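Colleague: Residue-level listing of the chains:
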Amino acid sequence: MSSAVADARTDSTAAPPSEKAALAPVLRVQNLEVTYYTDLGRAKALDDVSFELRSGEKLGMVGESGSGKSTLALAMMRMIKPPGRIEGGRAIVGDTDLMSLDEDGMRHARLSKIAYIPQGAMNSLNPVTRIGAQMVDAVKSHLSRESRSAVEDRCAHALRSVDLDPGVFRMYAHELSGGMKQRVCIAIGILLQPQVIIADEPTSALDVVTQRQVMETIDRVQDEINAAVILIGHDMGLMAQFVDKVAVMYAGRLVEVATVREMFTDPKHPYSQALISSLPNLNNKGVFQGIPGLAPSLLRLPGGCAFHPRCPHGQEELQRSVRPEPVTLASGRIVTCHLYSGEAKHG
Amino acid sequence: MATIALASGVEERVQQPSQVTLFFRYLRRNKSLAIGLAVLLALVLFTVIGLLVVSPKAAYPLAAMTKQPPSWKYPFGTDFFGRNLLAAMAVGLWQTAVIGVLAGALGTLIGIILGFISAYFGGWLDNLIRGICQVLTPIPVLLIQVVVASTLDKRDVTIFTMALIVVMLAWMWPTLVIRSQVLTMKERQFVSVAKLSGVSDFGIIFKEILPNLLPFIAAAFVGQVFSAVFASFYLAVLGLGPLREPLLGNIIWSAQGQGAFFNGWWWWPIEPAIAMILILGSLALIIMGLDELANPRVRRSE
Amino acid sequence: MDNLLELKNVSKVYSRGVVNAQSTIALQDISLTLREDEPTILTVAGESGSGKTTLAMLLLGFITPTTGQIVYRGKNITTLQGKERMAYRREVQAVFQDPFAVFNPFYTVDHLLTVPIRRFKLAKSKADARNRMDEALTAVGLRPEDVLGRFPHQLSGGQRQRINVARALLLKPRLLIADEPVSMVDASLRANILETLRNLQRDHGVSIIYITHDLTTAYHISKSIIVLYRGGVMEAGDVDTVIKDPQHPYTRLLVDSIPWPNLDQRWGAEKIIARSGGNSEGCRFRSRCPAAMEICKTQPPLFRINDHHTAACYLYEKQPEVAAENLSELLPV
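So the sequence lines, in the order shown, correspond to chains A, B and C.
If you count the first sequence from 1, you need to add 500 to reach the working numbering.
If you count the second sequence from 1, you need to add 236 to reach the working numbering.
If you count the third sequence from 1, you need to add 216 to reach the working numbering.
All the pointers check out, no bait thrown in.
Computed footprint of chain C on chain B; a stretch qualifies when at least three of its residues, placed anywhere within it, have a C-beta under 8 Å from a C-beta of chain C: (1) 423-429; (2) 443-449.
Not everything, but these chain C residues come out facing chain A in the computed CB check (under 8 Å): (3) Asn-408; (4) Thr-432; (5) Ser-473; (6) Asn-478; (7) Leu-479; (8) Trp-483.
The hints are simulated quantities; they were obtained by calculation from the structure and are not laboratory data.
This structure is a prediction, so every number in the text was calculated from the model and none was measured.
Quick reminder that beta carbons are idealized off the backbone N, C-alpha and C, glycines included.
Could you build the full structure based on these sequences and the hints that come with them?
Modeller: See the structure below:
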């Protein structure tokens with residue numbers, strides 16, 4: 501698997517997503533809005549977020565803490581708790597708009613249509629019950645008509661898909677290493693073969709070697725069930741190794757969506773440019789380049805473009821007072837920046 | 237997982253509402269704590285006003301006409317011995333409070349001292365203290381209290397000795413609770429950093445760990461007060477309390493002794509019973525409320 | 217010139233159980249010498265379980281070695297008392313990984329800075345103390361009025377970690393143990409923090425031991441590197457050569473698995489062999505090594521590959537051996 505896809509990607513021309521991708525997008529997020537009503541004011545955690553994903557495609561979502569990337573995942577899963585509220589927008593998986601489902605419908609959709617592997621999932625495994633019991637528990641309500649042994653077969657198959665011995669079924673969480681626990685969480689995520697898998701920082705607490713193992717596992721698993729994967733993180737290196745498209749979030753807005761090659765060779769939004777140039781590589785030892793300033797508080801967003809105080813082009817009146825809107829460029833990229841508002845694709 | 241970056245940077249400081257406002261907003265969410273505190277406050281007011289309005293002497297026998305049902309002159313009625321029950325309730329509540337707070341404070345203090353020493357210094361000291369606690373815990377408290385109370389000379393039984401009897405077997409629980417909290421806190425990284433900053437062992441105990449345990453200590457205290465009040469109540473109901481005093485339990489005991497219900501003097505045992513339910517109920521609600529405060533995971537979202 | 221801190225054949229073994237005692241070797245026979253007149257940045261790299269955290273705890277005096285000694289300015293640290301102990305505390309400091317855990321939630325963030333100022337008598341008056349705090353906070357890119365007086369949960373992770381580094385700046389220790397200082401911080405802030413640490417060494421003569429599993433940041437900031445695996449030194453030397461031209465199979469695996477932010481540098485196709493069972497004799501990496509040989513059943517010593525490069529692997533048995541005690545000689549400063 502890896503070698504075929506790797507070859508396709510080292511091709512210098514922009515490579516299309518895996519051939520298995522169907523033509524119609526499997527996930528369509530449209531104008532999603534989430535607001536938090538706190539004691540200190542209103543914070544818009546997600547502001548008019550829209551993007552699309554096809555089966556078999558891998559999207560990397562990057563941004564600083566507080567940029568809204570985890571909120572986006574929670575919103576799609578309808579797991580936003582008060583004082584947060586989903587104010588509008590749609591999240592369509594296949595033919596179903598997740599926002600229009602009732603409680604029962606959404607409960608059914610979780611894990612069977614869209615699966616979420618939260619950050620630190622491996623630490624949330626129940627320490628006192630066996631892994632197998634937890635896996636069965638997760639899917640019991642979805643598979644009420646299947647026999648016990650059929651469910652267990654499914655679990656064994658999922659465990660094998662993540663390169664774990666089916667014997668793990670009978671083990672306890674503390675008997676497994678960090679990487680193994682994380683793969684168990686991935687296995688739970690794929691039990692019902694969802695169409696979309698969201699993995700929130702799946703490797704943040706793991707060392708490089710285990711991280712590589714886990715990412716290769718997600719790759720393989722995704723290939724098997726042809727799901728679309730959203731990888732949330734802030735490690736651009738991981739994105740370069742793994743995803744097809746990259747979406748950059750800043751202060752609750754999607755500021756750029758591009759293919760991974762475009763993002764690394766020619767980032768358009770000034771924030772993406774700053775992110776790319778701050779990456780360490782073997783050729784510039786001793787050069788440290790960060791991004792000046794701090795991410796703004798969502799309670800007190802700067803007027804106009806939220807990035808303008810930190811942007812090298814942000815001194816114009818336009819940036820300070822007018823909100824930029826997402827613009828689709830000729831190559832299919834989306835950028836939310838005043839610099840490109842004149843280049844919108846026609847037609 | 238959704239975090240809101242409250243980083244200030246270019247903007248001015250976000251205005252914080254005052255402490256008082258935040259406290260009342262919290263009370264609105266934590267209903268147990270709110271109701272518990274409200275009821276307790278009402279009882280305190282009753283006691284304070286009662287003691288000011290009615291002469292304490294009226295709580296003792298032959299102060300008024302006997303066996304009077306509630307009326308304007310005697311709002312709570314009087315009993316067989318001629319005690320004005322309004323005065324009796326006020327004085328009784330006051331004495332219950334004294335026992336509760338005294339025993340509660342003593343028990344909690346012992347718990348803090350032993351719990352800290354045990355957890356922080358470890359070793360044989362820890363094993364010793366923990367061993368004693370574990371040996372004493374399964375002892376049937378009621379039995380021992382009854383035996384001790386009944387062997388005392390009747391003249392020695394005062395509210396203070398009652399408090400001591402109650403504390404005697406109640407200090408183990410706060411010790412163990414505080415010990416386990418300190419054990420966890422000890423491993424926290426801010427303790428390591430304090431060590432690196434040159435803070436001494438005692439400095440760490442008092443300045444770093446203790447302030448973080450205040451909610452637990454408060455909860456332990458209220459728990460101790462609860463046990464003390466309850467224990468003094470049932471000991472008195474059994475006739476083992478300081479009989480001359482109008483402790484709530486005593487009133488019920490004497491009412492029972494005179495067959496109050498059969499004789500139609502319903503107000504006599506009912507009033508102290510209601511008072512006791514209110515006290516214990518409010519304390520229980522406060523404990524539940526404090527539990528939620530101390531344990532942020534239990535804290536209900538706004 | 218006195219050696220500032222020395223580890224002499226230090227091992228740390230944890231044993232569990234009384235009847236069927238199982239022991240885990242956290243660190244095996246490590247020797248290191250840190251000189252006062254040559255401030256340097258040394259990386260200790262390894263996965264979890266490699267012993268790097270144990271090493272940090274030993275250097276900070278939080279745990280004692282099972283065998284061997286840790287010597288501060290000529291004296292065994294377990295014998296230090298009173299003034300000398302305070303001096304040791306003052307001169308050996310740390311920056312930890314978790315930006316939140318180092319703050320006592322009961323106090324404002326000022327507490328982290330005011331306590332050492334007070335204990336180590338770093339300021340002559342309240343105003344002097346405040347000045348020093350302001351200086352340190354500004355040096356890490358924070359505005360003092362934005363962070364002082366706030367509680368830890370009111371600040372972002374990046375701000376908190378910057379305050380941690382400011383604390384180190386304030387104390388100007390001789391030796392700073394930085395245990396994964398940027399792994400829980402956003403990528404955009406890492407450069408800033410690493411630069412501050414590098415400046416500490418370059419401008420203020422602070423020696424830094426940078427503990428990490430992230431070889432890319434290690435490459436940027438340090439001069440020399442020691443690669444640990446399950447308590448033993450696998451490879452050590454000049455950081456450029458070790459990362460660009462790793463000799464030990466384990467280091468090769470590590471370097472291969474780095475997620476380079478470069479589309480033309482992809483993860484290697486070599487399959488990762490999972491560790492099977494515990495093998496206590498011989499080379500610690502044997503069960504995962506693609507080049508394992510019969511002789512690897514005995515513990516390989518360090519072999520000298522060149523003046524600033526050594527590896528503990530029988531692939532180099534033709535090279536001269538290096539005694540464990542002399543490890544520091546191969547680390548450039």
